[in-house]
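Sequence lines, in order, name chains A and B. Numbering-wise, this note's numbering puts 115 at position 115 of the first sequence, and it's gapless, one number per residue. Add 350 to the 1-based position in the second sequence for this note's numbering, that's all there is to it.
Calculated from the structure, these hints are not laboratory results. Even glycine gets a Cβ: it sits at the ideal position worked out from N, Cα and C. A few of these clues could be false.
Computed cross-link-like contacts, SDA-like style, restricted to lysine to any residue with a CA-CA straight-line distance of at most 25 Å [unchecked claim]:
#1 B:K589 <-> A:E258
#2 A:K249 <-> B:T468
#3 B:K439 <-> A:K249
#4 B:K529 <-> A:D235
#5 B:K529 <-> A:A318
#6 B:K432 <-> B:D405
For the chain B half of the interface with chain A, some residues (derived, Cβ under 7 Å), not all of them [stated by the list, open to error]:
#7 S387
#8 E391
#9 V482
Derived CB-CB ranges, DEER-like [said to hold, decoys possible]:
#10 B:N543 <-> A:T246: 52 to 62 Å
#11 B:L403 <-> A:T107: 51 to 61 Å
#12 B:S541 <-> A:D103: 54 to 64 Å
#13 A:A318 <-> B:D592: 43 to 53 Å
#14 B:A580 <-> A:E347: 55 to 65 Å
#15 A:D102 <-> B:D592: 34 to 44 Å
#16 B:E391 <-> A:R154: 23 to 33 Å
#17 B:K451 <-> A:K168: 47 to 57 Å
#18 A:K104 <-> B:S450: 27 to 37 Å
#19 A:T246 <-> B:V482: 51 to 61 Å
#20 A:F43 <-> B:S539: 41 to 51 Å
#21 B:N605 <-> A:N157: 55 to 65 Å
#22 A:D102 <-> B:V482: 28 to 38 Å
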Amino acid sequence: MVPTCLQRFRNFWLLAVGLILGACHPDAAVAPEINLSVHPINFPKPVYSYQNNPLTPAGFALGRKLFYDPILSKDGSISCGSCHKQFAAFADLEHKVSHGIDDKLGTRNTPALANLRWNPDFFWDGGVNHLEVVPLSPITNPVEMGADLGQVIRQLNRDPNYVVAFNKVFHQDSINSQQLFRALAQFMGELISANAPYDKYLNGQQDALTAEQKQGLLVFEAKCSTCHKPGLFTDFSFRNNGLDATFTKDQGRYHITEAPTDLGKFKVPSLRNVALTAPYMHDGRFWTLEQVLAHYTTGVKKSATLDPVLDGDLPGIALSETEKKQLLSFLEALTDESFIQNKQFAEPQP
Amino acid sequence: MKFLFSKYIAFLAITFISLFSSSCKEDPDTELSLPGSVKLEFDNIVGEDALVLDDQEYTTANGDQFRVSMFKYYISNIVFGKADGTEYKELESYYLVDESKPDSKLVTIPNIPAGEYTSLSFTIGVDSARNVSGAQTGALDPVNGMFWTWNSGYVFVKLEGTSPQSQNGGLVFHVGGFKHPNNTIRVVSPSLNGQKLRVEAGKAPQVHLKVNVLDMFQGVNTIKFSELSATMGGANSVKIADNYVNMFKVDHIHN
Numbered sequence: 001m002v003p004t005c006l007q008r009f010r011n012f013w014l015l016a017v018g019l020i021l022g023a024c025h026p027d028a029a030v031a032p033e034i035n036l037s038v039h040p041i042n043f044p045k046p047v048y049s050y051q052n053n054p055l056t057p058a059g060f061a062l063g064r065k066l067f068y069d070p071i072l073s074k075d076g077s078i079s080c081g082s083c084h085k086q087f088a089a090f091a092d093l094e095h096k097v098s099h100g101i102d103d104k105l106g107t108r109n110t111p112a113l114a115n116l117r118w119n120p121d122f123f124w125d126g127g128v129n130h131l132e133v134v135p136l137s138p139i140t141n142p143v144e145m146g147a148d149l150g151q152v153i154r155q156l157n158r159d160p161n162y163v164v165a166f167n168k169v170f171h172q173d174s175i176n177s178q179q180l181f182r183a184l185a186q187f188m189g190e191l192i193s194a195n196a197p198y199d200k201y202l203n204g205q206q207d208a209l210t211a212e213q214k215q216g217l218l219v220f221e222a223k224c225s226t227c228h229k230p231g232l233f234t235d236f237s238f239r240n241n242g243l244d245a246t247f248t249k250d251q252g253r254y255h256i257t258e259a260p261t262d263l264g265k266f267k268v269p270s271l272r273n274v275a276l277t278a279p280y281m282h283d284g285r286f287w288t289l290e291q292v293l294a295h296y297t298t299g300v301k302k303s304a305t306l307d308p309v310l311d312g313d314l315p316g317i318a319l320s321e322t323e324k325k326q327l328l329s330f331l332e333a334l335t336d337e338s339f340i341q342n343k344q345f346a347e348p349q350p
Numbered sequence: 351m352k353f354l355f356s357k358y359i360a361f362l363a364i365t366f367i368s369l370f371s372s373s374c375k376e377d378p379d380t381e382l383s384l385p386g387s388v389k390l391e392f393d394n395i396v397g398e399d400a401l402v403l404d405d406q407e408y409t410t411a412n413g414d415q416f417r418v419s420m421f422k423y424y425i426s427n428i429v430f431g432k433a434d435g436t437e438y439k440e441l442e443s444y445y446l447v448d449e450s451k452p453d454s455k456l457v458t459i460p461n462i463p464a465g466e467y468t469s470l471s472f473t474i475g476v477d478s479a480r481n482v483s484g485a486q487t488g489a490l491d492p493v494n495g496m497f498w499t500w501n502s503g504y505v506f507v508k509l510e511g512t513s514p515q516s517q518n519g520g521l522v523f524h525v526g527g528f529k530h531p532n533n534t535i536r537v538v539s540p541s542l543n544g545q546k547l548r549v550e551a552g553k554a555p556q557v558h559l560k561v562n563v564l565d566m567f568q569g570v571n572t573i574k575f576s577e578l579s580a581t582m583g584g585a586n587s588v589k590i591a592d593n594y595v596n597m598f599k600v601d602h603i604h605n
């Protein structure tokens, strides 16, 4: 049958829409294991949708190379991947706080990296407001990578391999910081973890969770999910969870807002892969999840900004020993093996 | 077909002839005059003196001595207004004026519709949208050292130097912040002193602005370096911003 004009028109639009969608979501080409459409109920609309920075396989590959290249540090000794290790879900297992150039110590625990496109703001105090400018902070922080941004850009422009790779992605004559940050955003943005046993269970695979984990899920929903909202396992709020009664060492969110009501508040971290991301809390004070649960049951300290959900005559969260065991078991079900073993996220081999 | 084509050519020719002839007329307000440009020259001063980095000592209204090692600021969203209330806004435009870079002190705004303009206004700083839009280029590239890495947002006005009155001897005024209650974005309209900017193709009227560093430290808030010698956003930045709304004054205009 000869297609009518209208049919041709429709076919054209189907093709056009297909092309556009293809252009916006080449995720399939980048990371075939990842298919967001499997778990839409868990994830809201991402905050960062690659607007002005179309995701491409070449852009992702460039971001990955940069993530693992110490060229971004002052003395060429530290890369992003030095502290954000894939086997630890892109956190740092060995240290309470980050170790930078010349073994300088930071003040805060290296956060795990996953599902960053959904974050409205970044770092423990939420001071950084956009995924693209996240790397600016560690690259230039004197106790982290300690580099001068202008120097980094000049060095990249002197490297013929980078000049070619950047040109392939951004089609500009020379490399600037916007290209550096956008390439890194493509890699960081694709670090999506949503294939843990918990997700499989949610998608109908009943045996993905053990009986104990299913019990733990119920405890979690009753006692933890206000802040660690299932799906991304954070509500992205800033709260004082009662670690301290005074905040001279680290004022947290107050550092950004200067609002007295924000003293001692830190971002609620996602719990995805939490079993892999020890130590815990903004200063890495707890080495185990048992210690974390002990804090919430008996260690919460009162102060003016203590979160209302933890406050009371007996501050904290009441948990029986059985409930703790069930919770610990459930938290293991947030470990996404396909995420930490995804070869496309690993350091590229030369 | 051929007939239509030649008719079209004739129409185009007439249009061009009329365009050409109108641009020869004297009246710059004629709609068919082609756009022109305006130059803004930023002349940084301290009181009556020219600003000299490092080597010159100055005195504030409070009587504090100080030297300046760095003075940089953003000018953006420039608007030219006509007497009838119509405006030309230069969209998406950001300029970083840096005392140590002479070229940066002369800003050319191109493609302004021809006409007589009676007012000038601009933003000291960077509009809030660009503070939350991720990686930027040009004047807004963080490589210029005017973007806070730990608390996203631009430094709008940056003055560094020394003062014997400062408790640690240094002056570090990094003024910025775009969120309530510490918003330091200020839109100013320095008077053209009754003069007009005559814009048309082939001419570039030049506005000489004097930018008085002392106005950062005087006005609604008299700053004493013994009490305030450093700001990095926050409430103290607002004190400086409330002063520097009077920092820009038009000295004269060349048409």
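Against the structure, the hints:
1. B:K589 <-> A:E258: 15 Å, holds
2. A:K249 <-> B:T468: 55 Å, violated
3. B:K439 <-> A:K249: 48 Å, violated
4. B:K529 <-> A:D235: 22 Å, holds
5. B:K529 <-> A:A318: Outside the cut-off at roughly 39 Å; violated.
6. B:K432 <-> B:D405: 42 Å, violated
7. S387: With Cβ-Cβ at 26 Å, over 7 Å, it is violated.
8. E391: With a minimum Cβ separation of about 27 Å from chain A (threshold 7 Å), the hint on B:E391 is violated.
9. V482: Since the shortest Cβ distance to chain A is 5 Å, the answer is holds.
10. B:N543 <-> A:T246: 52 to 62 Å: At roughly 57 Å between Cβ atoms, A:T246 and B:N543 fall inside 52 to 62 Å, so the hint holds.
11. B:L403 <-> A:T107: 51 to 61 Å: 34 Å, violated
12. B:S541 <-> A:D103: 54 to 64 Å: 58 Å, holds
13. A:A318 <-> B:D592: 43 to 53 Å: 51 Å, holds
14. B:A580 <-> A:E347: 55 to 65 Å: 41 Å, violated
15. A:D102 <-> B:D592: 34 to 44 Å: Given a distance of about 42 Å, which is inside 34 to 44 Å, the answer is holds.
16. B:E391 <-> A:R154: 23 to 33 Å: Holds, at about 31 Å.
17. B:K451 <-> A:K168: 47 to 57 Å: 33 Å, violated
18. A:K104 <-> B:S450: 27 to 37 Å: Given a distance of about 30 Å, which is inside 27 to 37 Å, the answer is holds.
19. A:T246 <-> B:V482: 51 to 61 Å: 33 Å, violated
20. A:F43 <-> B:S539: 41 to 51 Å: Cβ of A:F43 to Cβ of B:S539: about 47 Å, so the range 41 to 51 Å holds.
21. B:N605 <-> A:N157: 55 to 65 Å: Taking Cβ atoms as reference, B:N605 and A:N157 lie about 43 Å apart, which means the hint is violated.
22. A:D102 <-> B:V482: 28 to 38 Å: 34 Å, holds
Of the numbered hints listed earlier, those contradicted by the structure are 2, 3, 5, 6, 7, 8, 11, 14, 17, 19 and 21.
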